[in-house]
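S.K.: Work out the full structure: start from the sequences and follow the hints.
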Amino acid sequence: MNNFSEPDEKAGGFFLRLLAAAVFVFAGCILLTSRLYILQVKHHERYHTLAEDNRISLLPVVPQRGNIVDRNGAVLARNFVAYTLEISSNIVNVEKTIGELARFIAIEPRDRRRFQKFRAENRRLGSAPIRTRLSDEEVARFIGQRYRFPGVEVQARLFRDYPNGSLASHLIGYISRINDKEVEQIEESGDASNYRGSEHIGKLGMEAAYEVDLHGTTGKEYVEVNADGRAVRRLKNEPATPGNDIELSIDIELQKVAETAFGERRGAMVAIDPTSGEVLALVSMPTFDPNLFVDGISTPDWRALNESIDKPLLNRAIYSAYPPGSTFKPFMAMAGLTFGKRKWEQKISDPGFFWFGGHQFMDDKKGGHGAVDMYKSLVVSCNTYYYMLAADLQIERISSFMPQFGFGALSGIDLPGEAKGVLPSPEWKRKRFKTREQQKWYAGETISIGIGQGYNAYTPLQMAQAMATLANDGKRMRPHVLKAVVDNQGQRLEFPPELVTEVDVKPEYIKLVRQAVEDVTRFGTGARAFAGAPYRAGGKTGTAQVYSLKGGKYDKSNERMRDHSWFIAYAPAEAPKIALAVLVENGGFGAVSAAPIARQVIDFYLLEKRADKPALEDADAEDEGQEGAGHSGHSHDAEAGE
Amino acid sequence: MSSRHRFRFARLLEAVLRPLDPALLLILAGLLGYAVVIMSSASPDRVSSQLMHIGLAVILMWIVASIPAQRLLSLGPTLYVAGTVLLVLVHLFGASAKGAQRWLEIGPTIRIQPSEVMKIAMPMALAWFFQKREGYMGVGAFLLSAVLLAVPVALIAKQPDLGTAVLVAAAGIYVIFFAGLSWKLILPVLVVGAVAIGAFAFFGDELCGETYQNWPGLKDYQRDRICTLFDPTRDPLGKGFHIIQSTIAIGSGGLTGRGWMLGTQTHGGFLPERHTDFIFAVLAEELGLVGVLLLLALYLALLMRGLLIAVVAPALGTKLLAGSVTMIFFTYLFVNIGMVSGILPVVGVPLPFISYGGTALVTLCVGIGILMSVRRSWRER
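Residue numbers (the working numbering), protein chains in the order written: chain W, 1 to 642; chain P, 1001 to 1381.
Since the hints were made in silico from the structure, they are not lab data. There may be inaccurate statements among the hints.
On the chain W side, residues computed to face chain P include the following (Cβ under 8 Å) [stated by the list, open to error]:
(1) Leu39
(2) Asn93
(3) Gly490
Keeping only pairs whose Cα atoms sit at most 30 Å apart, straight-line, the calculated DSSO-like set for lysine-lysine is [what the hints assert, rightly or not]:
(4) Lys1184(P) / Lys203(W)
(5) Lys1158(P) / Lys117(W)
(6) Lys1158(P) / Lys181(W)
Remember, it's a predicted structure, so these values are computed and weren't measured experimentally. Backbone N, C-alpha and C define an ideal beta-carbon position, used for all residues, glycine too.
M.R.: Structure below.
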């Protein structure tokens, strides 16, 4: 094999090789000719017949997409039929055609822009809509002129409708036109023939997460077509199988109460049934109207949503991570007990600050809380207690204890786009930063971790899950939004509760910490918000620093530099039915802005009288009307929306 | 007075025509004329813009033909390096369309498709490389040329653009073959390839049937894809749709065709991509085997002229260049017609000089320009 080229090959060798190439060319042409001879002469009769029969055309029958309903059967997403006017992609002089069409049917500049966008993005499709949702009168007018417009068709298409408008939009998500990138993905997954004819696909939220269930199976229809390729008669039909309906664990009325309670404020809330992991409400404020996306969002609408500093498209509940602030303390307390670094009744003395490594860490109360045991540390939210505890535990123990509550890990919720947050550790820092200097873990950083500041950052979903785990006596359930899938035969397939892990904390420690957080809402930082509640609730306030006070300029007038406000809670204390986390961006102190939202949500869930669900305590419910001023009282005017 | 004018005009005409090879020009005119006829039926709205593409491509062909062949060769390495760098840039910053990254966007309107440049740059660079080493070509030269070939091909295949990768790879392989790669290495590859394809042609039904559900090392959907490649009827709504409809179109054409503008497959909307990759089916349906043979005759004339130019070219580099450019034309037409008539898998390769689209046409006409330049280097020696 040491001789790649023949040595004696010079001009003669090259000629030989060209001759070989010529033989190759002739052989190829003979192969092609014989193939064409077979097709065109030998089997001509057969193909001729096939071509004649090709007046029978095989068309895909697009299945009807499944509905989405909430846990009580309220419709969140449904279909309706509307007529669209579509121009075939074979027509080149589109401008002329549109100009002609505009004489019969109103075509706005907006329609033209959207049409151009579709044509550019969706070359795969045979046609693009110039107008959607034609009126009956417009359809009749076009049919009368149809002969002038070969390649233009009126089609009855299914459209998606979200009757509640912007309510729960991040959760429900939306469908929109399939783009070229998704076409590739569909082909990758081997689903291409099931999507032949489909024009929409779930892009966000549950519409995306359960696309496979909702889409259904495409059918086949054999139709007779005339010479222009228009269908004139249906011959045979393999019907499509409609998509499955999906039932969410969400209570849309509860969701509405929560969103109303937020008002104009930005933030997020996640409410979970602690025993099953069912998500009862998942709020991200501000929201957007998913109906805008269904037949292609217009450029100004898209700009308004995408460029707003409030970031309405961001799902804060599962994607944005915030420092947990003092809501981290109950979990720190359990770590202290578990590792034997603190006893329940052990007291420390709080002078109002903690001196560590040449730096003074301040308590929130001037002069300190005096003698503080663990119970008091939670009820009054004493910082000094947790500075000391963090110093004694050290970062390795903290970062090894917290993952069992779901901190810094994906919760496994059935929604796309979940973020992991940050559970800081020396190892994390080594991966996160580049220079040796930055990678080093400083003991002082551990101190801030103790009160939930510093690198700590968790999503509202993670905080709700941690609180639900505490409420469920240490059994962490996987949070999920799907309650059941219902197929077109009415068969229900329930989503079973799934235990992720049972935390490694002694039951008596959990009991002690629960006792303390349940008194937070009676005597502590949450007492004001929960005054007069007919049930007992566990809760913890928290304040996440947005802007480091150390050395920076703090501009009090800038609302966006104010601290974020947290409240985590569960209720009723004796057998928790709901656990939640509320975050109000730039809301200031947790007790003031986040806790009242939690109160309204829990009040509604436990006390509101509803036909489908008996209230917890009938007698007391009326008295609470004043306190929970934000909720709408009667749930049945809820059908508004668009 | 008028005779002087006439004289001047004649001189001008001569200057314009001098770089052009009359035989190639005649064949090209035949092919492009044929293209317009077919396009008028396949997609009449596109005829005028295709005429503009033709004008542009012919001007570029003339420019390339005016450059001396050795000068062209020496441009090879630069083009090759630039093309490869651009391919890497496409991977890093490229615009994607239809899910594949193929274009580099420079400013709002200018888009470069570096893989297209490679179709010409690859044979030029390799021909230049072998010319430099003429007389002492050893194992090292062939190994190095294989690496030079593999890098851009891998980059293009990863985009993913299988059709272009096949063409660029073929272009390079032809140069290496003409440069004198030992038959001992060529024959085994040819035999193995033939056996593999033959095996699938005979046992494909069994392999894709119930008995062999699991293929080792392949996922289910990958197995389905390979099977659909060889038996399109497995997926009549998806990928197989194109092939089924195009074979019906070809077969129903018969000996003399259904008549120009009268194809029911073409005009009934059954034939997908009928102005681009599947335009051959329009020709076969409407003009029949006679029309097909006329096209093949034009192609054969082109190929024979190209190979002849390679034979008489004075230097090794220009010989290799002319030979491989000619064989690229053949690869284009063989892969396209093979795919449309259902004997080769569907990869995106247009029918040379006939399919709609400016990019491919420009590349092909630059190829003709190269042949003309090589032809002139022999005449002017």
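S.K.: Look at each hint and say if it fits the structure.
M.R.: Right, here's what the structure says about each hint:
no.	hint	verdict
1	Leu39	holds, 4 Å
2	Asn93	holds, 6 Å
3	Gly490	violated, 29 Å
4	Lys1184(P) / Lys203(W)	violated, 56 Å
5	Lys1158(P) / Lys117(W)	holds, 28 Å
6	Lys1158(P) / Lys181(W)	holds, 16 Å
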